[in-house]
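Undergrad: Sequence:
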Amino acid sequence: MHNSSQSSTVPHTPSPEIRTHSQTAHPTGHLTPAIRVSAPQVVAPNLPAIATGSISGPSKETSSTWTGLEKALQALHITTKGCPPLHSAIGSLISCLHIFKEAAKPRKDYDELTSGLTAIVELLAKYSLAAASKDITDAIEKISGDIEKEIDSINTRQSRGTALRMLGSSGDQEDLVQRYQRIEQMFRKLQAEASMSTWNDTKRHLVNTQLENLGPVKLATYNSSISMDVGRRSCTENTRTQILNDSMAWSDDPNGAKVYWMNGMAGTGKTTIAFSLCKRLEEAEQLAASFFCTRTSRECSEAKRIVPTIAYQFARRWAPFRDALCGVLDRDPDVGTLHTSSQFDLLLVKPLMECKELIPGNLVIVIDALDECSDPHTVEIVLDILFRYAADLPVKFFVTSRPEPTIRNSMMLGIAECNRQHSILYLHEIEKSLVQADIELYLKDELKHMLPMHCNEIKELAEQAGNLFIYAATAVRYIQDRKAVNQRQRLKTILEVDKRSKKSTFDIDVLYSTILSAAIHDATLEPEEQACIRVVLRTSICAYEPILITTLAALSGLDETHLAASALEPLRSVLHVSEHNSFVTTLHASFPDFMFSQERSQEYFCDRTVHDQFLAARCLKIMRAQLRFNICDLESSFDDDNEIPNLDDQVKAYVSPELCYTGRFWADHLTQGAAAEELLNAVQDFLSYRLLFWMEVMNLTKCMVAASVAATKVHMWLRSSSASSDLVALARDAQIFVGKYASHKPNTINLHA
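Residue 1 in full-length UniProt numbering sits at position 1 of the sequence shown, with consecutive numbering throughout.
Since the hints were made in silico from the structure, they are not lab data.
Heads up, a few of these hints could be off.
[To be verified] Now the in silico label distances, taken between C-beta atoms and shown as ranges:
1) 134 - 91: 17 to 25 Å
2) 635 - 736: 24 to 32 Å
3) 375 - 596: 15 to 23 Å
[Claimed, not checked] Dumping the calculated DSS-like pairs for lysine-lysine here, alpha-carbon to alpha-carbon at most 30 Å:
4) 356 - 142
5) 702 - 621
6) 356 - 126
7) 101 - 126
8) 356 - 149
9) 71 - 142
10) 71 - 101
11) 350 - 189
12) 218 - 304
13) 492 - 448
14) 702 - 652
15) 81 - 142
16) 203 - 126
17) 258 - 350
18) 218 - 740
19) 81 - 71
Don't be surprised by glycine CBs; every beta carbon is placed ideally from N, CA and C.
Please put together the full structure from these sequences, using the hints given.
TA: Below, the structure is given as structure tokens:
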């Protein structure tokens with residue numbers, strides 16, 4: 001194995017020869033290369049914890065650099081008297097500057113950091129921060145507090161007499177380096193906030209409008225509200241530590257690869273690792289943007305939304321990038337509607353190259369679960385442009401996915417065609433023995449109330465999980481059901497499953513089958529209750545986004561919400577019910593994969609075509625019952641939506657969650673199912689009598705573009721079905737009408753005139 005500095009000299013000459021090889025242990029003890037490529041060579045290097053820099057004695061230039069920084073800080077300390085939090089933080093930094101100076105003596109890489117910090121400090125001194133708006137002063141106060149925390153930590157060690165002695169320890173010295181880097185990045189953020197202090201309200205509104213017009217997917221952020229809905233979480237303490245430490249070291253290594261691809265089969269914990277990495281990067285002020293793809297959200301599964309969303313988040317976090325991006329948007333306001341490759345160039349490459357001297361060199365963009373995107377072709381485009389541009393960009397990309405053929409082939413093609421003089425891709429697969437050790441730690445933490453009596457059984461369960469974290473997590477949910485159950489018996493049931501098959505999905509298939517058997521074939525259930533559980537289960541996995549229990553009940557055809565809630569109870573091992581808002585979704589993508597495969601799920605198989613036909617009929621029935629003229633009882637159709645007070649509150653009061661869902665997704669369910677005569681009649685009734693009412697709801701919920709797409713889908717589906725020519729013509733007229741309305745100032749004029 002090569003280290004990162006060795007790999008940087010490997011020439012990248014095109015070669016079609018790609019072959020698999022047996023996995024060997026990585027020198028760090030936890031990573032193995034997934035594939036070997038003949039040319040260029042792909043390696044999984046020992047990444048250094050932090051670039052150590054050149055070693056040399058102190059020079060006159062170094063001394064002059066620190067003198068310049070101290071003078072600049074003294075000047076800023078004087079000019080910030082009107083901003084007490086910042087004034088205090090500057091004073092604290094000056095008081096411990098000698099500690100950093102001592103640590104810098106053997107290192108030349110400090111000089112560049114110090115010169116950059118001096119320039120920022122000198123620029124800050126020119127701003128009048130005391131007169132800034134409350135938003136700006138609040139932000140400055142927070143950053144100042146973060147600087148104080150770093151200084152306090154150093155001073156605490158100094159008070160114990162260890163601060164200067166620790167310079168003899170390389171590990172402690174690196175701790176100082178990292179603190180200094182974090183303080184330097186905090187000053188960059190201070191500069192960004194200071195530059196905004198000169199804006200007037202008009203400028204601020206213009207910039208916000210430009211960024212919002214990109215159409216970012218705000219739910220795609222790693223810690224967005226949907227992360228709770230889908231049960232996304234960070235790693236259990238003391239698990240995955242080596243992987244996370246190596247990933248952070250890679251982010252800090254100036255010679256490290258620009259793209260880090262972590263691949264693994266479903267359930268190996270990729271998203272949990274990516275989530276934990278994002279938290280660490282955020283804490284270190286290194287997270288540029290994140291996009292977490294998930295099938296449970298339509299928006300979060302659209303690969304074409306990745307680039308605009310990354311640009312939006314980057315601009316919100318880093319002012320130099322924001323200013324450069326807004327310059328692009330001034331020249332081309334419609335760039336958000338362009339092809340993905342053009343977006344990448346205009347929204348990322350050009351702004352990044354313009355501001356690369358003004359942003360830190362260790363920022364990371366995290367893209368998780370590319371395999372969960374609905375359009376594989378667009379994913380290929382994203383990966384292709386990533387390889388074309390990544391080597392020259394001042395940011396790094398951390399990408400996770402299953403090794404799906406289209407993604408893997410794009411990755412390998414990117415390597416083979418890259419003519420750079422350094423490797424830009426590392427394939428990591430996690431060694432099974434270390435994954436099992438982490439899984440055992442996780443199980444002991446989750447099932448600690450069963451220790452020490454069942455220590456051996458928990459160890460056996462960890463071995464049974466193999467390298468599948470989702471197996472362990474699902475087993476825990478089954479054992480710790482919310483109902484009063486015999487947990488010891490449930491643990492025993494899982495450990496006694498038949499292990500004769502060698503299929504790669506067998507273990508998780510048996511676990512899912514065991515859980516569903518216990519849920520559905522409970523001897524105390526009536527046949528009607530079993531049917532209720534089955535329909536709730538199928539509706540949950542066929543829904544296009546997390547849905548409320550009330551919506552789940554309506555879509556499942558249940559008269560009362562409590563019936564759906566009761567049906568969900570035995571399914572909580574495989575479905576996630578959010579505690580804070582009652583949204584229901586699948587826990588992991590491997591479960592719908594299991595349910596939609598008849599070979600794997602057998603008696604529990606969900607025929608998506610059949611159930612989508614059922615859901616389409618339910619959607620049309622719900623809309624027939626709830627759609628009406630002027631649904632929000634607005635006084636006038638001539639008022640602009642933006643001028644109507646409390647409109648959002650009225651929409652929430654009058655448009656039910658189930659109507660909101662069916663309005664957006666009825667066409668998707670319809671076009672996935674068969675064209676039964678009863679369903680065609682319901683579509684004709686809808687287009688003839690309720691089209692305008694539906695458009696009003698879509699307009700009020702700001703979904704007119706989705707309405708246009710839905711009308712197009714319905715027309716195309718009817719054309720390819722057994723529908724009458726009259727119905728096809730009606731759908732064509734509806735498509736044209738909805739499309740024209742959507743293209744002329746959607747979300748502004750009401751339809752209930």
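Undergrad: If a hint holds in the structure, say so; if it doesn't, say that too.
TA: Quick rundown of the hints versus the structure:
no. : hint                  : in the structure
1   : 134 - 91: 17 to 25 Å  : 24 Å, holds
2   : 635 - 736: 24 to 32 Å : 31 Å, holds
3   : 375 - 596: 15 to 23 Å : 19 Å, holds
4   : 356 - 142             : 25 Å, holds
5   : 702 - 621             : 22 Å, holds
6   : 356 - 126             : 22 Å, holds
7   : 101 - 126             : 26 Å, holds
8   : 356 - 149             : 28 Å, holds
9   : 71 - 142              : 24 Å, holds
10  : 71 - 101              : 14 Å, holds
11  : 350 - 189             : 21 Å, holds
12  : 218 - 304             : 14 Å, holds
13  : 492 - 448             : 16 Å, holds
14  : 702 - 652             : 13 Å, holds
15  : 81 - 142              : 17 Å, holds
16  : 203 - 126             : 20 Å, holds
17  : 258 - 350             : 17 Å, holds
18  : 218 - 740             : 27 Å, holds
19  : 81 - 71               : 16 Å, holds
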